[in-house]
Amino acid sequence: MAYKCIVCGVTGSAHAQGAALEAAILAKQENARLVYVYAADISFLKSGVAGHKGVEDSLVRLGEHILDMAGQLAANVGVEAKKVLKKGPVIDVLKSVVAEEKADLLILGHEKRTIFEKALFRGEVEDHIKELESQSGVTVKIIQ
Amino acid sequence: MNRKTMKRGTLLLLILMFTIIPGAVFNAAAEEGALTTGLTDTMIVSGTITNAQGKPIKEVILHFTINGKEAELAEEISTSKAGRYEAEIPVQRGLLPGVRVELTGEKPCYKTVENIPLSNIVHERTNEDGGTRFLAHHSFSMSRTTTPAFWIATLILIAVYALIAFELMHRTLAALMGAALILTITYTAGTFNPNYTILTFEDAMHAIDMNVIFLLMAMMIIVGVLKKTGVFQWTAFKSYQLARGNVFALASILMVVTGVTSAFLDNVTTMLLIIPVTIEIALTLKINPVAFLLPEAFASNVGGTATLIGDPPNIMIGSYAKLSFIQFVQNLTIICIICLIFTVVFFCIYYKKEYLKAQVGDVGKMIAHLREEYKITNAKLLTQGCILLGITIFLFIIHGALHMEPSIAAMFGATILLVISKVDIVEMLEHEIEWPTLIFFMMLFIVVAGAEETGLIQIIADWVKDLSQGSLVAAILMILWVSALASAIIDNIPFTATMLPIVAYLNTVIPGAENGILWWSLALGACLGGNGTMIGASANVVTVGMAERAGHPISFMYYLKVAFVPMIVTIIFCSAWLLLVEI
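Residue numbers (UniProt numbering), protein chains in the order written: chain D, 1 to 144; chain Y, 1 to 583.
What the hints contain is simulated information worked out from the structure, not anything from laboratory work.
Any given hint could turn out to be false.
[What the hints assert, rightly or not] Restricting the straight-line Cα-Cα distance to at most 30 Å, the calculated cross-link-like pairs of lysine-lysine (DSBU-like) are:
#, chain 1, residue 1, chain 2, residue 2
1, Y, Lys375, D, Lys86
2, Y, Lys375, D, Lys83
3, Y, Lys238, Y, Lys228
4, D, Lys83, Y, Lys228
5, Y, Lys322, D, Lys86
6, Y, Lys322, Y, Lys58
7, D, Lys87, Y, Lys227
8, D, Lys86, Y, Lys286
[Stated by the list, open to error] Some but not every residue of chain Y turned toward chain D, in silico, with C-beta under 8 Å:
#, residue
9, Leu273
10, Ile279
11, Lys375
12, Val542
13, Gly545
14, Met546
15, His552
If you're wondering where the values come from, they're calculated on a predicted model, not measured in any experiment.
Each residue gets a CB set at the ideal place from its N, CA and C atoms; glycine is no exception.
Produce the complete structure using the sequences and hints provided.
Encoded structure:
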């Protein structure tokens, strides 16, 4: 299947950077547009231990750097990637970017979490993949 | 206003002057006359009412009987904040001093003391009109009773703790709900049955320590202004420049910088500002950012323990116990420096393998990149901020001598900074002040006051006292270790709020504790204990969350494995410090 637009969710992890590289290679092969997305998600602050704005600003700064790293990976492959940084829960950000860019493939790096981590960092992306596929009609590829 | 209206107004005023005012004077004189008409003597009864621990009890309602008949008093008699009462009782002339006068004291949550006979009634003087004044003094103690209010306040406190600990609710909402319940029950069920009275509105307002609130608010403003200058990120860049590619030196400098900054500014803000640049450096060096972040969070909590303004538990302790900035420095800073040195050594050894994996590459290029990315964005504002922060710290140093609350020093610094920097005040108030945090503190003070008023805190205090068997060493160690272990698993702010009245009581009943050493046990335990787990301190939660969002999740067990042992070691250092140096 030929893809026209590939969206790739990135973080600073080795898995996510691997996914970013694979997305770039695939985009070059398919001659598809490539969009890297970083979500500044503060949902881990439910208990109110810190001010939301400060954390969000900090995450934005971090996201810019992570997107630059992914952009550099794509440039090394010879692909120019669009970089999108949005505030909000990861799953909502992915949904909106997929819709806005009319993407037909979403690539994500997979990081396994313990039960405790799942409880602490609510909004597990992997748990919502099926929902994402059915709602947006996009194909989701997981890089492990 | 026309002339006619003015005339009417003047007429009305005259009527008031000639009718109502003389009427009031006449009535007052008549009342006075009724009490003193040649037929009565006066008896002045005074005394102090305390609880079983010797602390004064306020708002005890007193009734007096003369030969079994209720005495007619001009007003209701109740004890003051100091537990003092004074009643002027009119007694039929000629009956004193032989008459049987008895008093009854009652207060919700205390056993009513009934019909205590007054003895030793002494003659003071006889007036010209033949009336005689007699004096009697009677002080006594009242013991607590377990009322429904006690159980409700206890349940509310436990529920608030549970909601916060299990993150079932935003901590501010949990505390707000607790405070609202306490006051609502007091003014509904408590109105009909005093046994349901937990805390009056006046007492609730009195329980809120505004010194803590204002101090936190002012420091948020100062940090908010400094944040705009890019100084925190610039400091991290400078750390990298100073280390010149030596990862061990870089890790050590970052830990020291975070620790020292946290001693004067809020830990969470310090971490929030230093984390992005730390992650960027770590990712560039191709090492796991956790190897920098976790030691930084640890150092932040250690540094925050060193001063009065470093960590919220210290602010609460300082305000409650009236301890000065200098006292905190004298008693805590050296042990915190020792703990910080240990932190640096421990983490450099622990993460040795990770640091050795770093691909340092072109240091000059990296420095040039960081210099460009993390530069001071507003030098003028930074200069103003630093000068005002310096003045504020100077005022903190001398606030004890000036008998000035530390919040006044911070408010002064924050206000002058806002004025000279011309920063948008509305933007500052809306975005930089963490109102949920301030409201959390206010509501928490009310919840704890409810538990204190109904007797729960006293029961815990007595239990701690009995357990320590009056030994100062046992009390120091118990408070230090219990605080440390509790703070590792629950929010140290509600824990400290609960411990304040307990430690205050122990200071008065444990021989040798008068110098306030138990306050230092509480401060060290509550602040450093938070290092034990990823949920033990706000700085840890933020660090873990940010690391997760950067793609480097830290598991609960990993955090425990790395941080719990060094936390225990720092508490061992503190135990030795308190027992060998402070005692």
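Verification of the supplied hints:
1. Lys375(Y) to Lys86(D): Given that 30 Å is the threshold and the Cα spacing comes to 25 Å, the pair holds.
2. Lys375(Y) to Lys83(D): holds (24 Å)
3. Lys238(Y) to Lys228(Y): Measuring from Cα to Cα gives roughly 18 Å; hence the hint holds.
4. Lys83(D) to Lys228(Y): The given pair, whose Cα atoms are some 26 Å apart, holds under the 30 Å limit.
5. Lys322(Y) to Lys86(D): violated (47 Å)
6. Lys322(Y) to Lys58(Y): OK: Lys322(Y) and Lys58(Y) at ~22 Å, within 30 Å.
7. Lys87(D) to Lys227(Y): holds (20 Å)
8. Lys86(D) to Lys286(Y): holds (26 Å)
9. Leu273: With a closest approach of 7 Å, the Leu273(Y) hint holds.
10. Ile279: Constraint on Ile279(Y) satisfied, holds at 6 Å.
11. Lys375: violated (14 Å)
12. Val542: Given a least distance of 5 Å, the restraint on Val542(Y) holds.
13. Gly545: holds (4 Å)
14. Met546: It holds, given that the least Cβ distance between Met546(Y) and chain D is near 7 Å, below 8 Å.
15. His552: It holds, given that the least Cβ distance between His552(Y) and chain D is near 6 Å, below 8 Å.
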